[in-house]
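Build the full structure now, drawing on both the sequences and the hints.
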Amino acid sequence: MDRQADYRRMIKQLLYQHTQIGYSHGEIERLAICDAANNSYLLLAIGWDGNRRVHSVVFHLRIRDGKIWIEEDWTENGVAGELMELGIPKDQIVLGFHSPFKRQYTEFAVA
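Numbering (my numbering), first residue to last: 1 to 111.
A few of these clues could be false.
[As the list claims (entries may be wrong)] No farther apart than 20 Å at their CA atoms in a straight line, the calculated lysine to aspartate or glutamate pairs in the DMTMM-like style are these:
1. K12 - D65
2. K90 - E107
3. K12 - E107
4. K102 - E85
No lab work stands behind these hints: they were computed from the structure.
Okay, here's the thing in structure tokens:
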């Protein structure tokens, strides 16, 4: 199996795990969005917290140029660590939510 297929499988596994985590308040569900044709994967929080509508991105991952790009990450502990626990090395993870200038100072891939 090629690396890109492995990354897709691992990302889907991670998304599924996160859909099983409930919220302690409100009626909010986590919804996994998988666009394999464009290599884009999102976890959304959708629902109501009292009278307040909730519709937000929890995290957004893309496979781009053979690496996993974290475009958005609002998880408590950071999705990069979870990707590494699945066996993805740091040099294959790009923190896309940081500017290109700032990425050079992280321990992850620049691009």
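> If you check each hint against the structure, which ones fail?
Replying inline: Numbers 3 and 4, in rising order.
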